[in-house]
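> The primary structure of each chain is shown beneath.
There are 4 protein chains.
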Amino acid sequence: MSVWGRNNLKLSIFGESHGAAIGVVIDGLSAGEPIDMEELKAFCARRAPGKSSTSTKRKEADIPQILSGMLNGKTTGAPLCAVIQNSDTHSQDYDNLKTTARPGHADYTAFLRYSGANDVRGSGHFSGRLTAPLVIAGGIAKQLLRHRGIEVGAHILSVQNVKDRAFDAATVTAQELLKIQGKEFPVIDDQSGEMMIQQIEMAAKHLNSLGGVVECCAVGFPAGVGSPMFDGIENILSSILFGIPAVKGVEFGAGFDATRMTGAENNDYYCIRDGEICTETNNHGGILGGISSGMPITMRVAFKPTPSISRTQRTVNFVTKEECELVVKGRHDPCVVPRAVPCVEAAAAFALLSLLV
Amino acid sequence: MSVWGRNNLKLSIFGESHGAAIGVVIDGLSAGEPIDMEELKAFCARRAPGKSSTSTKRKEADIPQILSGMLNGKTTGAPLCAVIQNSDTHSQDYDNLKTTARPGHADYTAFLRYSGANDVRGSGHFSGRLTAPLVIAGGIAKQLLRHRGIEVGAHILSVQNVKDRAFDAATVTAQELLKIQGKEFPVIDDQSGEMMIQQIEMAAKHLNSLGGVVECCAVGFPAGVGSPMFDGIENILSSILFGIPAVKGVEFGAGFDATRMTGAENNDYYCIRDGEICTETNNHGGILGGISSGMPITMRVAFKPTPSISRTQRTVNFVTKEECELVVKGRHDPCVVPRAVPCVEAAAAFALLSLLV
Amino acid sequence: MSVWGRNNLKLSIFGESHGAAIGVVIDGLSAGEPIDMEELKAFCARRAPGKSSTSTKRKEADIPQILSGMLNGKTTGAPLCAVIQNSDTHSQDYDNLKTTARPGHADYTAFLRYSGANDVRGSGHFSGRLTAPLVIAGGIAKQLLRHRGIEVGAHILSVQNVKDRAFDAATVTAQELLKIQGKEFPVIDDQSGEMMIQQIEMAAKHLNSLGGVVECCAVGFPAGVGSPMFDGIENILSSILFGIPAVKGVEFGAGFDATRMTGAENNDYYCIRDGEICTETNNHGGILGGISSGMPITMRVAFKPTPSISRTQRTVNFVTKEECELVVKGRHDPCVVPRAVPCVEAAAAFALLSLLV
Amino acid sequence: MSVWGRNNLKLSIFGESHGAAIGVVIDGLSAGEPIDMEELKAFCARRAPGKSSTSTKRKEADIPQILSGMLNGKTTGAPLCAVIQNSDTHSQDYDNLKTTARPGHADYTAFLRYSGANDVRGSGHFSGRLTAPLVIAGGIAKQLLRHRGIEVGAHILSVQNVKDRAFDAATVTAQELLKIQGKEFPVIDDQSGEMMIQQIEMAAKHLNSLGGVVECCAVGFPAGVGSPMFDGIENILSSILFGIPAVKGVEFGAGFDATRMTGAENNDYYCIRDGEICTETNNHGGILGGISSGMPITMRVAFKPTPSISRTQRTVNFVTKEECELVVKGRHDPCVVPRAVPCVEAAAAFALLSLLV
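Residue numbers (this note's numbering), protein chains in the order written: chain A, 66 to 422; chain B, 66 to 422; chain C, 66 to 422; chain D, 66 to 422.
Warning: the hint list may mix true and false statements.
Since the list gives no way to pick out one identical chain from another, each pair is judged satisfied if it fits inside one copy or across any two copies.
Stated by the list, open to error - For lysine-lysine, the following DSBU-like pairs were computed, each having C-alpha atoms within a straight-line distance of at most 30 angstroms: (1) K244 - K386; (2) K139 - K394; (3) K228 - K248.
What the hints contain is simulated information worked out from the structure, not anything from laboratory work.
As the structure is a computational prediction, the values presented were derived from the model and not from experiment.
Just chain A, same shape as in the assembly (with noise of 0.2 angstroms):
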């Protein structure tokens, strides 16, 4: 399904790549809170395609329409529906894909759960496309949970093989977060962003395509708040993140590389600085028993390469059940990770504001 909820906030995500429109329904913000439209609409621009060589070339101003949930520019407590009408279709490239499976993609598995009653075009409801609306709701909790005091930010921390430095998780500030966000490519080392764009439109000139890493941080979020077990933060926020398409993996603090560390190495000691009780280190990523214990949350989360290649590649008819070949038409991005960046901030600030209300 394409609601996501928990306690008191929740949200419906609807629309295919080529219909009407996309959109998305949250209920359950708090009434009064300010939201600024125009840093929504910055917010939606740093997802929105057509900009530079390393996106599709399909032009969607995805300017958010408000239908309902706000007045005078505050929520009113009552759900909000924001709808992006599409424009930019092409749908005749996609004609093939109703009895052929692109590699990678969702189409058979689709064809298999829809009874090939799904929509094809652009990847219907499977399309990249859908975390649009995903960026509109985060978007807005970013704001709210701005007005907590809490900053979520996000760059990217390797294309393929190129890495950005990562975040100091234990110093991380709410400065340095916004610093990035207003980059066009959002990494911290701008050298190293150089060389992705490079690495990504080699990848794109040899018809191929690339996949990275996102880190993503809250700084801010206060100590004490999730639960054990099933209700844990790493629970809620990866329930959020895998909804975001080509996403393989999360982790958390050390994450994998916590597995390579000893337990003198990977504890994080306690201390007090400036009377405030932390940790030296933040390898539990902000976390410790599904708890915030009041440093940054740090989470990684992995993006496999973009599946369209507009390669020759083998696959199957699946309603003939033949071999063949396919080439995949359409406009796609060589690598979706620079745009994924503002849909990891806005999966992990709707499921942080959700541990707060």
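Place chains B, C and D on chain A using the hints.
Using the frame of chain A, we list chains B, C and D on its own:
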């Protein structure tokens, strides 16, 4: 919360490490399913402590007592409650934990979350011991899955830097999964296993601890199950897997490795084998667009090193807010990974069963 | 919240009476189900205002626009979003409601709940107008139920003290239910209907309003569906029916009348009819132990009289906390019961469909 | 399912009438709340059978044993599990129920639902005995509500046609609610109570049974809690109240009586009393638009007469599909209403508490 569930299958885990009993209520099991109690006990025994040099010396038979939901060896369809009495408790080992935070543990976050009213003895409800009821639930789920032709199995993929062979994601069989479940130390390559045991014993000797990775597969899971976005198989599995204490990362298919491949390398080409549609490779881990493809479902779960180490560690008294030193007493696993293998199988099995009822 | 759902079928309603639009997202509809849009519009028209002397003079065509989830007249399996643009709004009628509580309305409770930030125009999200999206969802559910041989229908059982004949709970047929749906004023006995209309017109003339009871049946619902305790059909139906504004009571089968019978009178004796097990009478309303028996499912829903009456009423200014008088302006139904009939059908249909997917 | 919950407060009930034990897991209780076990036992005793001429002769002490979630008389914040061992079981009374449907019971519907694998002894999980764990949960909830200044109480409003005085919905106090809880037979007017007892004894003598209505109030519940549409207080309360076996109707405030009033009669005029906003009357039962108004929350719950009567009744053998006759054996309440009073209090208290956490 310690409730997990979706649709018509839910579980609710209760108990504290040094309380009267721990247990689980499972609601939504289909009726009339035979449960082999000997097999269930054998599965629980795989997790039980006190058996080897790599685990805690606490001895608990951990034999589940079924209070409801079964009659004449079959499920009744009513909620199934299973209880394990606690016996071998050394509560006096934990007195100082009421005020002193063990690094890497939830003592401090739990203190904040529960205003100091939580049961700290043996980590209370945060104890790894709470995976025993999860294993009961998962052991029952495994049997119900087997009735449907599905086998779930796992092994230790790595301990610190010592690696086992990985499953071949495209060809792994139920027989391979079953073979490992019969081993005392669940690895594919027993020589790697011996090196892991040595490594763990060495760490224990140095009052240190190790982490590692568990790899889990489900074979025979039908294609076309799951949903896009937030109700995908990855979302559902990760939401329960992060409920196992010490888990800091979860990945599916090629996971984080996929971020270092190109699209051409990572895409799994479709082919026809024995008249059935499948993929040549299985970097997608049996899941595309949140929906099963019919290929083996594969995941890897990162466990941090046990935080309880008997070295002197720097920490704080969170009541007086003073820095201090701590030597953790009590009996702890120098590495939880071996005992975590059935926990991962259990969590995965329960989540996968929930997709089928 | 305005989210309702269970298992794999959920709806999320949004909008305010005088906002840009109202609508609904339905997630979990099975794919490939043909939707007859003319029939859906006709069903929505049964709820639409402005048609007769018994309803508000606000005129809204209330034609649903489908934004997603349908292709070529069939469901795609993706979330279906339907929107109704608001048009005939007289927002200036509501200025004084920002501070003055209309008796019987949610003005004061909403003010507290939303700290005064809620949209009060036309009652905002509390408006009976929000049943329009519910009717869209229910209209679709009715069609899907009909594909499965199930018919849901309702009629006005009473307006104040004027009573219609009740359905014969044991023998009511789909034909009888369909016959009433074709009527302008949905009663079994048209003479009672005329008396009701007179009664309502009389109340309107005296600046007063009336309530009444809607009786609803589902015929053809399969036996053996539902669960004991909290997931029973009665729990599920009541949890959605109380979502219709002005509902103050819900009963199933003989309901409150059963409390005045003896066990010997109330028990429905089983018998064999046409080779099938059924009951001679149907005081149980087709539900025993939360599970369907195969007999018609019957319920009655109590609607209070419209609180908006154009008489001078005593009330308070909830900002200044001073007593005052109020004459409610705006256009209101002197009796909501006639227009509530499709709302009850819609809610019941959606809830019953949720039990089958 | 036997799981109920919203947001951070959930319960999961398990057990069968003649199984090893029945019980409940409550997850989400706030930590550090003192629980008076004597008071809890006294509350459970109000529901326990075998005390008087109006109840079954089965004797069960029904003393809850707390397995987890409490330490030194206070909640720990971890899931609380309470168990009651079954003792006085006469399972041989139920042998014929495996194939013969008791009129008014769930035997036949359960047989279909669980393919005949359900435990039929003493009605298994469908037994009224399963309200014992509900009463434990509700008894704890009542104490937590009392810590917050809220009192929940109920009385028998009617047995068949014998009526007790109703609470004055606008003025009822915590003292009045507490007074009734001290009575052996919970009515306001003891003379009515004696007539009810006579009526029940008479019915029992004639091998018949009676139903009735329980009225329940909550005093002190804060204003401004709840939500419109599907998360209203009425939706939430009804979704748990219909979980009590034999309940066939639920109404709030004036309920079905409101349908016979005019708007001018039913509207509750606001006024200022002691500086606070309240209503002169309370036909709205303390709930407007799903949200609490600060007035007493009032509800009435309809219980059908006990279906188990020792007369010869016509029925069918649902395995052979032949008509036959049945005399129900076993020990049954000639009227469940007196013992249902604490059950209604319990369900209401748990649901109301869930709105506050």
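> Take the hints in turn and mark each one as holding or not.
Status of each hint after checking the structure:
Taking the shortest alpha-carbon separations for K244 and K386, neither the intra-copy value of 52 angstroms nor the inter-copy value of 34 angstroms comes in at or below 30 angstroms. For the homomeric pair K139 and K394, the shortest alpha-carbon distance between copies (26 angstroms) is at most 30 angstroms, but the shortest distance inside one copy (43 angstroms) is not. Proximity of K228 to K248 under the C-alpha cut-off of 30 angstroms is restricted to the intra-copy arrangement: shortest distance 17 angstroms within a copy versus 40 angstroms between copies.
Against the hints set out earlier in the document, a violation occurs for number 1 only.
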